[in-house]
Amino acid sequence: MAVRSEKRGTEMKHAKTATQNACKLCNPLGACLAFRGIENCVPFLHGSQGCATYIRRYLISHYKEPIDIASSNFNEDTAVFGGSHNLKLGLQNVTQQYRPEVIGLATTCLSETIGDDVKGILREYKKEQMNGVPMPLMIHASTPSYQGSHIDGFHGAVRAAVETLAEQGTPQQLVNLFANMVSPADLRHLREIFDDFSLPCMMLPDYSKTLDGGPWAEYHRIPPGGTPASAISLSGSAIGSVEFTSTLADAKSPAAWLEEKFGVPRHQLPMPIGIRETDRFFGLLETISQKAQPEKYDDERRRLVDAYADGHKYVFDKKVIVYGEEDLVISMTAFLREIGMVPVLVASGGKSGLLKKKLQELVPDLEEAGIKVRDGVDFVDIEDEAKLLAPDFLIGNSKGYTMSRKNNIPLLRIGFPIHDRFGGQRLHHLGYRGTLELFDRIVNMVLQQRQDDSEIGYTYL
Amino acid sequence: MEQIQILKEREKQIFEKKDGGAAFDISCETTSLSGSVSQRACVFCGSRVVLYPVADALHLVHGPIGCAAYTWDIRGSVSSGPELHRLSFSTDLQETDVIFGGEKKLYASLIELIEQYQPKAAFIYSTCIIGIIGDDIDAVCRKVAKETSIPVLPVHSEGFKGTKKDGYRAACISLMKLVGTAETNDISPYSINILGEFNLAGEAWIIREYYEKMGIQVVSTMTGDGRVDAVRKAHGATLNVVQCSGSMTSLAKDMEEKYAIPFIRVSYFGIEDMASALYDVAKHFPDRPDIMEKAREIVKSEVERLYPQLQKFKAALSGKKAAIYVGGAFKTFSLIKALRSLGMSVVLAGSQTGNSDDYGNLKEMCDEGTVIVDDSNPVELSKFILEKEADLLIGGVKERPIAFKLGVAFCDHNHERKIPLAGFIGMYNFALEVYQSVMSPVWQFAPRKGGLK
Chain A
0 MAVRSEKRGT EMKHAKTATQ NACKLCNPLG ACLAFRGIEN CVPFLHGSQG
50 CATYIRRYLI SHYKEPIDIA SSNFNEDTAV FGGSHNLKLG LQNVTQQYRP
100 EVIGLATTCL SETIGDDVKG ILREYKKEQM NGVPMPLMIH ASTPSYQGSH
150 IDGFHGAVRA AVETLAEQGT PQQLVNLFAN MVSPADLRHL REIFDDFSLP
200 CMMLPDYSKT LDGGPWAEYH RIPPGGTPAS AISLSGSAIG SVEFTSTLAD
250 AKSPAAWLEE KFGVPRHQLP MPIGIRETDR FFGLLETISQ KAQPEKYDDE
300 RRRLVDAYAD GHKYVFDKKV IVYGEEDLVI SMTAFLREIG MVPVLVASGG
350 KSGLLKKKLQ ELVPDLEEAG IKVRDGVDFV DIEDEAKLLA PDFLIGNSKG
400 YTMSRKNNIP LLRIGFPIHD RFGGQRLHHL GYRGTLELFD RIVNMVLQQR
450 QDDSEIGYTY L
Chain B
0 MEQIQILKER EKQIFEKKDG GAAFDISCET TSLSGSVSQR ACVFCGSRVV
50 LYPVADALHL VHGPIGCAAY TWDIRGSVSS GPELHRLSFS TDLQETDVIF
100 GGEKKLYASL IELIEQYQPK AAFIYSTCII GIIGDDIDAV CRKVAKETSI
150 PVLPVHSEGF KGTKKDGYRA ACISLMKLVG TAETNDISPY SINILGEFNL
200 AGEAWIIREY YEKMGIQVVS TMTGDGRVDA VRKAHGATLN VVQCSGSMTS
250 LAKDMEEKYA IPFIRVSYFG IEDMASALYD VAKHFPDRPD IMEKAREIVK
300 SEVERLYPQL QKFKAALSGK KAAIYVGGAF KTFSLIKALR SLGMSVVLAG
350 SQTGNSDDYG NLKEMCDEGT VIVDDSNPVE LSKFILEKEA DLLIGGVKER
400 PIAFKLGVAF CDHNHERKIP LAGFIGMYNF ALEVYQSVMS PVWQFAPRKG
450 GLK
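First to last, the sequence lines map onto chains A and B.
Mapping the first sequence onto numbering that gives the first Met the number 0, position 207 (from 1) lands on 206, and the numbers just tick up by one.
Mapping the second sequence onto numbering that gives the first Met the number 0, position 317 (from 1) lands on 316, and the numbers just tick up by one.
For reference, chain A alone in the conformation it holds in the complex (with noise of 0.2 Å):
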């Protein structure tokens, strides 16, 4: 059904304002996955009521998992006189209520703009609350929600622990991982990569049981996983942070903060979606670990070259539109330029004001390719470009539906949120594996619609 206007016309540009179909979340989403990821945890927002709540609904209906996020409820006095009082009860009915080890505090729009002090009243209520009960660690991030977007939450959070707990010692055979917003299945992935690599490895966060997990003998109140508060506190004490990301500034990142205060040296690389990035990962664990890649992984790599090889022909010069979040698109784009599609836009919702710089780094052929860059855009901004730029898919969320349904191009669901598919806790991204995952997914789109616009039907391809 036409829902824009008839008489506008197709050269008429839509309205620049307003953000329509947001291609991106807010801030305390972010921060609330995070703290899922932390053993024993429960996420608290100090807010109203709805923030808990819409982001809860909106991470189960991808995650398919019972999510508990806490709320202060904020009320008209709260708003008005602080939210000291209600921060207080809170805390307090959650510690009660869940017994948890820690509470990851996320502030929100409403409760940075009344300039709640939330350090001065996490000291008073510790104070107040000295009374031999034990109380759980409180992690406390800054997530205004009218900053940034869900990504800086993440992040924030992340960092926010890592400062909270992270305690100067002895140096330890550990390494810190910093993995970035992917999935569950990339996270198991990870730690089994770090394994085999003989590698121990504190991950943050770590959400590949708490969001990804199994049924239940009896009822739990936080649902078991996640990195525990003792391993974050080692992580002063590393021989080196990995950091996935190519866009985070120092000045958010957990791993620039833990080299600054305590020397543990960071290695920031992109995600390891393809060939070359997950060889960079591989490479450089490698080198911390002073070991060869175990052949395994030799064997991964062998075959999704011999994959690339198979499938070469059905995805080279393949238009595609790929949007999400920053370090995703970054990623993708230069896997996708390693099999001989063409990324005619890459696109963000975030605007870290990196994204083409670092594009850049990853695909030297960026102009020369014909890769339309844009940050900061919303899905009508997408469809704007996808009319002019036909592409023949588009890869990213599960958001891009609607503009993929009007206008008939297909779409790959990747990422995070994926609500119109079963399964995108599990699906894999990074890695030789994942890219593997996801060339298999890509060739077989082609084929699906090859197969579906052929008036043949063949049945061998």
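These are computed hints drawn from the structure, not numbers from a lab.
A couple of the hints might just be wrong.
[What the hints assert, rightly or not] Straight-line alpha carbon distances no greater than 16 Å define the calculated EDC-like cross-link-like pairs of lysine to aspartate or glutamate that follow: (1) K357(A) to D374(A); (2) K382(B) to E217(A); (3) K103(B) to D55(B); (4) K15(A) to E114(B); (5) K87(A) to E8(B); (6) K405(A) to E8(B); (7) K63(A) to D411(B); (8) K176(B) to D72(B); (9) K350(A) to E94(B); (10) K417(B) to D419(A); (11) K63(A) to E114(B).
Note that the coordinates shown come from a computational prediction; the quantities given were computed from them, not determined experimentally.
Knowing the structure of chain A, use the given hints to seat chain B on it.
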């Protein structure tokens, strides 16, 4: 297994019916307890759900991006025509807007969007932050209305200014501004408005068809498959028929006061309540016995068709136990009756927004031992599901994983469902969904059932 504790402040909102249920005094209609992980949302959510299905209006959320992003195409409310309601519009306020005010951005957004989409009206939702930075959205709305010649209606839905119910009220106030602004010449005296029906999976169409078959004109459905022009002439109807009593009774009361239109409360869930919804409307037109006659015919033919189909489900489900936790209390009444007609009993019944009358009625309806909860949370729901050994939970997306983790069947009775559960056909769909979930062989592997290993 360890006992799950209830927070002391929450005890007054939980009631177990014992010894006939003496001394019933459940606390409700309060704001949620801080830190309790309420399943409720906020004022904004209440307004958004009521107005969302108005398909030819522009819905602009004034605030940072989250509130709009989380409500983008969120419900199964379908439209037979325009689908503007399925897009998400936000002023996406940034830090500078918070400091210097968002009025200019709101104004520019509105002018551009109205130009582009040519909506019949615009609803502007205030979010938390607007209540703090003090944008005068009423003034902006007046200005834009004047310049664009369409109704531009502020919805005062700042998240913290009350509960979801206050959001319902704010939405009704906005709708009330539209009602009475168009001609009503073509409206029959045998006419109704359907209120509190949101056309999830086309439910309003099913209901509308029954009434039209009875010879009644449906002037507007509010807000399912909603149209601004229909709302504008809603005051021409003879009777308001209110479902989902929590959300729209206030509009019905306002219309009664201003336009002397009486209202009745109905429910379209389950055979019994669906039949009553038709009879109660027919009773309102005693000078037209043919309307009642038609209502009887519809009920007879539908029940004759439905009843035998339900027997298979009933045979399988008899003796199974259900837990209900939904938004509005009125729905729980219907669900209890519907479940009983399938041979099932209800061991837990609760809602996010019921009032003391609702809970009083609920207590009367419930069996001995049933737990009644107001504004509950995952810990409590899990506790009672386990203690009462429920086989089924009825709720929404947030409740679903609780059921599945515990190895309990689940039926989605919330706004996101894609299968109509209203009407006679809806009762069949409901029974089928309950049957398919409760009887699934997958539960044999659930730890609760022994887990086989």
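Outcome of the hint check:
no.	hint	verdict
1	K357(A) to D374(A)	12 Å, holds
2	K382(B) to E217(A)	10 Å, holds
3	K103(B) to D55(B)	25 Å, violated
4	K15(A) to E114(B)	12 Å, holds
5	K87(A) to E8(B)	15 Å, holds
6	K405(A) to E8(B)	50 Å, violated
7	K63(A) to D411(B)	14 Å, holds
8	K176(B) to D72(B)	25 Å, violated
9	K350(A) to E94(B)	14 Å, holds
10	K417(B) to D419(A)	12 Å, holds
11	K63(A) to E114(B)	40 Å, violated
Hint compliance for this structure: hints 3, 6, 8 and 11 are broken, all remaining hints hold.
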